[in-house]
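Undergrad: Here are the chains, one letter per residue:
Number of protein chains: 2
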Amino acid sequence: MTPPAAFPSFLVHYQARIADALDKLVPAEDLPPEQVHRAMRYVLLAPSKRVRGALALMAADVCGNEERAAGAASVAELIHASSLVLDDLPCMDDASLRRGQPSCHVLFGEATALLASFALLNLAFRTLTRVYEDHLAAKLVTLFSDTVGTTGLIGGQADDLLATDQAITFERLERIHRLKTGVLFSAAATGGALAAGATPAQVHALSAYAKNLGLAFQIIDDLLDVEGDPAATGKGTGRDSTHRKATFPAIFGVEASRQRADELVAEALAAIAAFGPEADPLRNLARFVGCRRR
Amino acid sequence: MTPPAAFPSFLVHYQARIADALDKLVPAEDLPPEQVHRAMRYVLLAPSKRVRGALALMAADVCGNEERAAGAASVAELIHASSLVLDDLPCMDDASLRRGQPSCHVLFGEATALLASFALLNLAFRTLTRVYEDHLAAKLVTLFSDTVGTTGLIGGQADDLLATDQAITFERLERIHRLKTGVLFSAAATGGALAAGATPAQVHALSAYAKNLGLAFQIIDDLLDVEGDPAATGKGTGRDSTHRKATFPAIFGVEASRQRADELVAEALAAIAAFGPEADPLRNLARFVGCRRR
Numbered sequence: 001m002t003p004p005a006a007f008p009s010f011l012v013h014y015q016a017r018i019a020d021a022l023d024k025l026v027p028a029e030d031l032p033p034e035q036v037h038r039a040m041r042y043v044l045l046a047p048s049k050r051v052r053g054a055l056a057l058m059a060a061d062v063c064g065n066e067e068r069a070a071g072a073a074s075v076a077e078l079i080h081a082s083s084l085v086l087d088d089l090p091c092m093d094d095a096s097l098r099r100g101q102p103s104c105h106v107l108f109g110e111a112t113a114l115l116a117s118f119a120l121l122n123l124a125f126r127t128l129t130r131v132y133e134d135h136l137a138a139k140l141v142t143l144f145s146d147t148v149g150t151t152g153l154i155g156g157q158a159d160d161l162l163a164t165d166q167a168i169t170f171e172r173l174e175r176i177h178r179l180k181t182g183v184l185f186s187a188a189a190t191g192g193a194l195a196a197g198a199t200p201a202q203v204h205a206l207s208a209y210a211k212n213l214g215l216a217f218q219i220i221d222d223l224l225d226v227e228g229d230p231a232a233t234g235k236g237t238g239r240d241s242t243h244r245k246a247t248f249p250a251i252f253g254v255e256a257s258r259q260r261a262d263e264l265v266a267e268a269l270a271a272i273a274a275f276g277p278e279a280d281p282l283r284n285l286a287r288f289v290g291c292r293r294r
Numbered sequence: 001m002t003p004p005a006a007f008p009s010f011l012v013h014y015q016a017r018i019a020d021a022l023d024k025l026v027p028a029e030d031l032p033p034e035q036v037h038r039a040m041r042y043v044l045l046a047p048s049k050r051v052r053g054a055l056a057l058m059a060a061d062v063c064g065n066e067e068r069a070a071g072a073a074s075v076a077e078l079i080h081a082s083s084l085v086l087d088d089l090p091c092m093d094d095a096s097l098r099r100g101q102p103s104c105h106v107l108f109g110e111a112t113a114l115l116a117s118f119a120l121l122n123l124a125f126r127t128l129t130r131v132y133e134d135h136l137a138a139k140l141v142t143l144f145s146d147t148v149g150t151t152g153l154i155g156g157q158a159d160d161l162l163a164t165d166q167a168i169t170f171e172r173l174e175r176i177h178r179l180k181t182g183v184l185f186s187a188a189a190t191g192g193a194l195a196a197g198a199t200p201a202q203v204h205a206l207s208a209y210a211k212n213l214g215l216a217f218q219i220i221d222d223l224l225d226v227e228g229d230p231a232a233t234g235k236g237t238g239r240d241s242t243h244r245k246a247t248f249p250a251i252f253g254v255e256a257s258r259q260r261a262d263e264l265v266a267e268a269l270a271a272i273a274a275f276g277p278e279a280d281p282l283r284n285l286a287r288f289v290g291c292r293r294r
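Protein sequence lines correspond, in order, to chains E and X. Residue numbering for the first sequence follows the numbering used here, starting at 1 and increasing by one per position. Residue numbering for the second sequence follows the numbering used here, starting at 1 and increasing by one per position.
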């Protein structure tokens, strides 16, 4: 599937590379268990911005070796896809639409969706040892499992569920958003950089860039839920307030949220200021995230 | 928690070692996200036979180096615990009792149970890169992710859900049981052996032993569901027939199922016939599985 034309041209090159890599990773739909493979492909190959995968490739580009980063890019997308299926389930956020299409469990049933979600996470680790030599594979298994675990995505989702309907501080909401989005953005960039043989200084700068960008991305996601055009976002607007989720605009107002997102984009750009034109795709991505309306 | 006194003495030594290793792996219950850590510990540290973990330690023993196998034993138990939480969910087998206690989702709610199940699988991979040097860690990530994936546990559970209420062949039911139980038994023994520096011939024999034992174990599980004492099995009897699951005794009769289990135990013992007294714990385990009433 080709991404919709609305994606900016600088992203399309990366999206196509990632889609190709992902397509080869998941077994064909006619191999058993057919319904699980079908559900995995449905979620993974749906048109998507592929921001996490693109971050891995762009970070590797900065380090002069984009070729080696397709594995890390795929793994970031696999983990993201797994988490989307999980978050949409009735016992979690109970979302029936995702990227303008029925959610995985709506189309395939809860049992198959759950198995697909586990299989996507599991395939992420399998991919690392298939693609990379042992030393790098082990380092990336550590990086990505720390990203998924109870001090990462899982911890963020757990706290997000608890924070529903509660008064919440700015710090706690930022922490939830950092865990739910920032850590995987950061791991994608770090993973791409490590695959490309980055220096520690390069990894440090790229990781800081991605962490700030991830938080900005999540705040803007919240803003789009309030302000956005449902046809463009692919979700109903006001979904978060219906579920009384803790969001930036609901708690701190639209203006303060927009301002915080702008600050974070600026911090992301500052983190990579020392790089030359090889980091221009990352700069474009930061501006795209800052201005996005979908 | 100490295992109930009913476990045979040859297993208790292994159970204690595994319980110690597992206790150190999961963060404390008072660290956030508290409810997820609590659910993980509830499932992982409940009194259990720990057959999979014991297999890893016993296999390593045969290769003369039990010390190195605690990581592989823990990983087999982490993956097993993750799969139990998943299988018990309402959209899967809908089981409210496990090991005589309320299932994880009954006690903690579905959302927390699901996050705990993901976190346990994720922790399995994290443990491998924490415990072992890169080369061995990468090999074991490959082994265990193949064991979990759509040609392993996930494939078995998917086909098991489909096979409900359908006419089923002997071959298909054996395949489901091999995927649901045999592959993880085999991976546990293989993982323990690899950690202990086994030769390919040792790995081959131990893996064949464990694969056959796993299938026997599952058939006997089905038999206990029909014949067993619920106070001893910790599950209601007749649960499988209530859910119209495809089981050996339901489809081929109690006698034929018992006979097939005996054959498989004999095949397991034959696979390790070349080993000396260092394989006696494995022989005891095979006899225990063949005769178990819980």
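Please note that the accuracy of each hint is not assured.
Sample of chain E residues facing chain X (criterion: CB under 10 Å; computed from the structure) [stated by the list, open to error]:
| no. | residue |
| --- | --- |
| 1 | Ser82 |
| 2 | Val106 |
| 3 | Glu110 |
| 4 | Ala111 |
| 5 | Lys139 |
Calculated from the structure, these hints are not laboratory results. Since this is a predicted model, take the numbers as computed values, not measurements. Note that beta-carbon positions come from the ideal geometry of N, C-alpha and C, so glycine has one too.
Undergrad: Should the interface hint for E/Lys139 be scored as holding, given a Cβ-Cβ cut-off of 10 Å against chain X?
TA: Cβ of E/Lys139 sits 8 Å from chain X, so the hint holds.
Undergrad: With chain X as the partner, please determine if E/Val106 meets the hint condition of a C-beta pair closer than 10 Å.
TA: violated (13 Å)
Undergrad: Is the interface hint satisfied for E/Glu110? The criterion is a beta-carbon contact with chain X at less than 10 Å.
TA: Hint holds; E/Glu110 Cβ to chain X Cβ min 4 Å, cut 10 Å.
Undergrad: Less than 10 Å between beta-carbons is the criterion; does E/Ala111 satisfy it with respect to chain X?
TA: holds (5 Å)
Undergrad: Can the hint on E/Ser82 be confirmed by a CB-to-CB distance to chain X that is less than 10 Å?
TA: holds (8 Å)
Taken one by one, the earlier hints fail for this structure only at number 2.
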